[in-house]
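Starting from the structure of chain H, add chain G where the hints point.
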Amino acid sequence: MQNDQLALAQTRGSVDPRVKRPLPAWVSTTALLLPTYGWLTIAIFLPLLTMLAFSFMSATPMGKTPVEFTLKQYRAFIDQPYLLRIGFNSLMMGFWTTLFCAILGFLAAVALVRATVGKTRETLLVLILLPFWTNGLVRVFSWTMVLRENGFLDNILHMVAPDAGSISILYTRYAVVLGLVHGYLPYMILTCYIALVTIDDAIIEAAASLGARWWTILYKILIPMAAPGLISGAVLIFIPVIGSFMEPRILGGRVGVTMGTVIEDQFTQAFNWPLGASLSFTLLAVVLAIFATFSGVLRGRTAG
Amino acid sequence: MAEFSRRNTLKLMTATLAAGASFSLLPRKVFASGQITVLNWQGYGTDEAWSLKQFTEKTGISVVHDYYSSESEMLTKMRTNPGAYDLVVLNAARCAQAVAEDLLQPIDFSKVPNAATVDEALRSNPNFSKDGVGFAVPWVWGMTALAIREGKPKPESYKALADATYKGRVAMDDDAIINVGIGALMTGQDMNDPQDLAAVTEALKSIKPNVKLLWSTEDQWNKSFAADEFDLSIFWSGGSVRSKRNSKLPVEFVVPKEGAVGWVDGLGIPATAPNPEGALAFANWMIDPAFYVEWATKVGAPASSNSAALDSLPADDLSRQVHNPDYLKTMSIMSALPDDRREAFNNVWQEVKAFYAE
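Taken in order, these protein sequences are the chains called H and G. Mapping the first sequence onto full-length UniProt numbering, position 132 (from 1) lands on 132, and the numbers just tick up by one. Mapping the second sequence onto full-length UniProt numbering, position 343 (from 1) lands on 343, and the numbers just tick up by one.
Where hints are given, some of them may not hold.
Per the computed footprint, the stretches of chain H lying under chain G, defined by three or more beta-carbons under 8 Å from a beta-carbon of chain G, are [said to hold, decoys possible]:
#1 76-87
#2 130-139
#3 269-283
The list that follows gives simulated cross-link-like pairs (lysine-lysine, DSS-like), each with its CA atoms no further than 30 Å apart [stated by the list, open to error]:
#4 H/Lys72 - G/Lys77
#5 G/Lys223 - G/Lys167
#6 G/Lys154 - G/Lys248
#7 G/Lys205 - H/Lys72
#8 G/Lys223 - G/Lys298
#9 G/Lys77 - G/Lys53
It should be emphasised that the hints constitute simulated quantities derived from the structure, not laboratory data. Computed from a predicted model, the values in this text were never measured in an experiment. The C-beta atom is built at its ideal place from N, Cα and C for all residues, glycine as well.
In isolation and in its complexed conformation, chain H is listed as follows:
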């Protein structure tokens, strides 16, 4: 192959001396990848490496405090055992958010795939992506208007039943999960949609013609075949959610304490970057461990 091309180039060259010689493949590949990898190195890898270095320091290396090498930051979970409960709560928050996103997102994606009449699909896609166009903070604050006592939800309820009490769930874990599901749902819809849209209608028609009920089609065909989409959606949602701090802080009130807010406090309030960094890397290790544990199961599902 290579020789053929070289030969071709040589013969061409002999015909027309001004023809451009093609570059070796690796040069153009490197040249094309250089900006991306250069950017990734500068913008992600180096700061991450710096943070890793910070996590072994005794104090933030700015100002005059002497800095020593220490492993004590990684003992935070032993020295401050209340962090374990916060960590567990964050993981549960990630679990519930991912679960609700998976259910709602999968159903929405099925509806999207089924909507084949005219421009329905495009309209629905735009409606799903619409919330992405507004700032996340604005969306979270608008939830506080809806959920708070005497908010929109309460007002609507009181129109129907004036004597009913408040159904405000602001400053509870439900509100936090609700806000997070709202924020991250589009990821799940899109990944599931991409997986579902590749399923040949003929398979579903065949199953139906052989007498499969809708739930059999759902559990035997749709979910297994859309599993890659569900899994990548779950990964995309679970990781940022357990580190989220804005939604818990605004919607959670007193209960809105998560690993995300603890880490944020270390950076913005306590000026203890080493502890913040070590907590971040511990969280990263836990997430990787979770995915490593389930990777066998997940791979089985994807292959099946």
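Chain G alone, transformed into the frame defined by chain H:
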């Protein structure tokens, strides 16, 4: 894959490089000859549009702002952006920290004529000066204590925070130092150096059934108070004046018998400031009675450090009433904390917050 000739690849790369270079060659900031950059909380006195207009008309110096949302963020910004700021608003406690790190330059008080009537106790406050040299112009002082909804009984002690009558009706300030200070006052300890942190932790934990939310900005406090989410709160004296005057909220500021947690904010000039002369002129304007009276009566302000400015307020002024000089007798002023104590305070508050969240 498409074939890329050498010339095309080079062209593409040159274009990319040229685009990148033209961006980096653009000046990041356009420095006017008479311009200063002020680093402050947003909406905190220095950035009032009418005042900046008057100041620019008087001196020809234009003022631009950068904001921080926490005091440690302010220190981080000063440490990481040398030469970016001319004037920084900083708390007395943080000022000592900044001076110790050589982040500030000494103040030439001869260029701040209004400082002549600044309370001497404030000017020589150990947090603002080192070896008799002043590193910040005291600007305003105020208190953090309790705010109560009008019509509710006035609390006499911080212990009211844990009182069962306020079940689910209390808002706490999400600030480690303030809360440990309040906890120390609740347990009869020195606010700046409580010996029994376990007792402070317990006192703060005892508030749990009452705590509805933790607020971190004045705007959030106002929205939640207006939505009737709580009755009793840790709040700032100046904030209560602004809430009452501007947002017409039914709030009353109360200093309980343990005394308020006092603070003093100063105006410091970073050691790397490009325009210290302009910064001194602006600092002088910030403690000018003409500016202060307008700020305090139209917007609501903490008490000015300049007694001449405070005395020019009308007698029935809300801010003047709230900042009753009698409170100064019981008030403890927050001072600089050594790193280990600050870390211990932060850990206490983190632990209490985790307990609240359970």
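Against the structure, the hints:
Three residues within the 8 Å Cβ limit are the bar, and the region 76-87 of chain H against chain G gives 5, so the coverage statement holds. Given as covered by chain G, the region 130-139 of chain H fails the check, having 0 residues with a CB less than 8 Å from a CB of that chain where 3 are the minimum. For the region 269-283 of chain H, the stated coverage by chain G holds: 4 residues have a C-beta nearer than 8 Å to a C-beta of that chain, and at least 3 were required. In summary, the hint linking H/Lys72 to G/Lys77 is supported, as the alpha carbons are separated by about 27 Å, within the 30 Å threshold.
Taking the CA atoms of G/Lys223 and G/Lys167, the gap is about 20 Å. The hint holds against a cut of 30 Å. For the hint linking G/Lys154 to G/Lys248, the alpha-carbon distance of about 19 Å falls within 30 Å, and the restraint holds. Only pairs whose Cα atoms come within 30 Å are accepted, and G/Lys205 paired with H/Lys72 is accepted, the gap being roughly 27 Å. With a C-alpha separation of about 21 Å, the suggested pair G/Lys223 and G/Lys298 falls inside the 30 Å cut-off, and the hint holds.
The straight-line distance between the Cα atoms of G/Lys77 and G/Lys53 is roughly 27 Å, inside the 30 Å bound, and the hint therefore holds.
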